[in-house]
Amino acid sequence: MLYSLCFLLFMIGLYCVLVKKNMIKIVVGILLMEYAVNLFLVMLGWRKVADGAVAPIAAGGDLLDKAGTVSQLFVSRAVDPLPQALVLTSIVIGLGSLALMVAICIRTYEKYGTFDITRIRRLKG
Amino acid sequence: MEIFYILMVLMLIAGIIAVETKDLLSSVICVGAVGFSSAVMYLFLKAPDIALTQTVVEVLGLVILIRATISREKSFISGDREFFAVVVSVVVLFLIFMAGIGIFQNMAPFGDAAFVRIADSASQVYLKQGVKDTGATNIVTAVYLDYRAYDTLGEATVLFTSVIGAIAILRKKSRKLLSEGDSQ
Numbered sequence: 001m002l003y004s005l006c007f008l009l010f011m012i013g014l015y016c017v018l019v020k021k022n023m024i025k026i027v028v029g030i031l032l033m034e035y036a037v038n039l040f041l042v043m044l045g046w047r048k049v050a051d052g053a054v055a056p057i058a059a060g061g062d063l064l065d066k067a068g069t070v071s072q073l074f075v076s077r078a079v080d081p082l083p084q085a086l087v088l089t090s091i092v093i094g095l096g097s098l099a100l101m102v103a104i105c106i107r108t109y110e111k112y113g114t115f116d117i118t119r120i121r122r123l124k125g
Numbered sequence: 001m002e003i004f005y006i007l008m009v010l011m012l013i014a015g016i017i018a019v020e021t022k023d024l025l026s027s028v029i030c031v032g033a034v035g036f037s038s039a040v041m042y043l044f045l046k047a048p049d050i051a052l053t054q055t056v057v058e059v060l061g062l063v064i065l066i067r068a069t070i071s072r073e074k075s076f077i078s079g080d081r082e083f084f085a086v087v088v089s090v091v092v093l094f095l096i097f098m099a100g101i102g103i104f105q106n107m108a109p110f111g112d113a114a115f116v117r118i119a120d121s122a123s124q125v126y127l128k129q130g131v132k133d134t135g136a137t138n139i140v141t142a143v144y145l146d147y148r149a150y151d152t153l154g155e156a157t158v159l160f161t162s163v164i165g166a167i168a169i170l171r172k173k174s175r176k177l178l179s180e181g182d183s184q
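Protein chains in written order, with the numbering used here: chain B, 1 to 125; chain L, 1 to 184.
The following block holds chain B by itself, in its conformation from the complex (with noise of 0.2 Å):
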């Protein structure tokens, strides 16, 4: 159910970036999908425990000796850090290809005065 409804966010932002005639709206339909798909990638890694799930960090007790073992109960509780590590990446990526998707838009903007995708008729090399 909970995916779904990710999944419904995702198809938000893919009908955004279909159907609008707007340069900033397509770039807000592709934001969407991102934070759609960045989160159902850290909810696949969530678990359900009796007595909570915790976060992938071996805090104070968990850590059995000097040399770095950690307690069964950390690993029997602890959630997915593998999604976490590889979503961190994304969502620094995400950044980047923003800050260059808005950089054509204000570039187009700047030429042709409109954000409109059908009025941008007019291209040269």
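No lab work stands behind these hints: they were computed from the structure.
This one's a predicted model, so the numbers in the text were calculated from it and none came from an experiment.
Fair warning: there could be bad hints in the mix.
As the list claims (entries may be wrong) - Restricting the straight-line Cα-Cα distance to at most 25 Å, the calculated cross-link-like pairs of lysine-lysine (DSS-like) are: (1) Lys21(B) <-> Lys132(L); (2) Lys66(B) <-> Lys128(L); (3) Lys111(B) <-> Lys132(L); (4) Lys66(B) <-> Lys132(L); (5) Lys128(L) <-> Lys111(B); (6) Lys111(B) <-> Lys48(B); (7) Lys66(B) <-> Lys172(L); (8) Lys22(L) <-> Lys48(B).
Following the hints, position chain L against chain B.
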């Protein structure tokens, strides 16, 4: 569990407003609402590192987006594409959504993570060996900066490449004047 549904519905409402409002500035601010709600959701999903990153990135992204929309003469927009194109895309999107629902019904329910069932999956190994191998008590950091450090290197490459692209696009005048011509 309920908090996930509340936040998800909040994100959906903000997303719909962001898509449908006529004012570009309101649209951008609603996207900010979606992003910050997802940051809160990451906190409840036990991902504090992502919540921090998402908050910082969201602030920067909003500043960039508001820079693009503010003080534009035509910040209001009019109309969608032709009626027929809208209907076709909505029908196709509905079909894709139905197919997606079918997939999600066959998946394990929310909270039943797949890595738990596989004894020697990568995530299990990271959780068990992470502190011993890397010395970092935060396993996410251990994966991010040690096990998969090449991934982080690639990420930095992509980030700086996109920044170079943005600077090249926004540059006012070219380094060489047009009158000088090409010198082969």
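**Request:** With a cut-off of 25 Å on the C-alpha distance, tell me whether Lys111(B) and Lys48(B) pass.
**Result:** Between Lys111(B) and Lys48(B) the Cα gap is close to 53 Å, so the pair fails against 25 Å, i.e. violated.
**Request:** Please work out if Lys66(B) and Lys132(L) have their alpha carbons no farther apart than 25 Å.
**Result:** 9 Å, holds
**Message:** Does Lys111(B) sit within 25 Å of Lys128(L), going by the straight-line distance between their CA atoms?
**Reply:** 57 Å, violated
**Prompt:** Are the Cα positions of Lys21(B) and Lys132(L) separated by 25 Å at most?
**Reply:** 54 Å, violated
**Restraint status (C-alpha distance of Lys22(L) to Lys48(B) at most 25 Å)** = Judged against 25 Å, a Cα distance of about 41 Å means the pair is violated.
**Given hint Lys132(L) paired with Lys111(B) - CA-CA distance at most 25 Å** = 57 Å, violated
**Message:** Would the hint linking Lys66(B) and Lys128(L) be met if the CA-CA limit is 25 Å?
**Reply:** 15 Å, holds
**Request:** Measure nothing beyond the straight line between the CA atoms of Lys66(B) and Lys172(L); if it is 25 Å or shorter, mark the hint as holding.
**Result:** 57 Å, violated
This entry does not satisfy hints 1, 3, 5, 6, 7, 8, going by the numbered hints stated previously.
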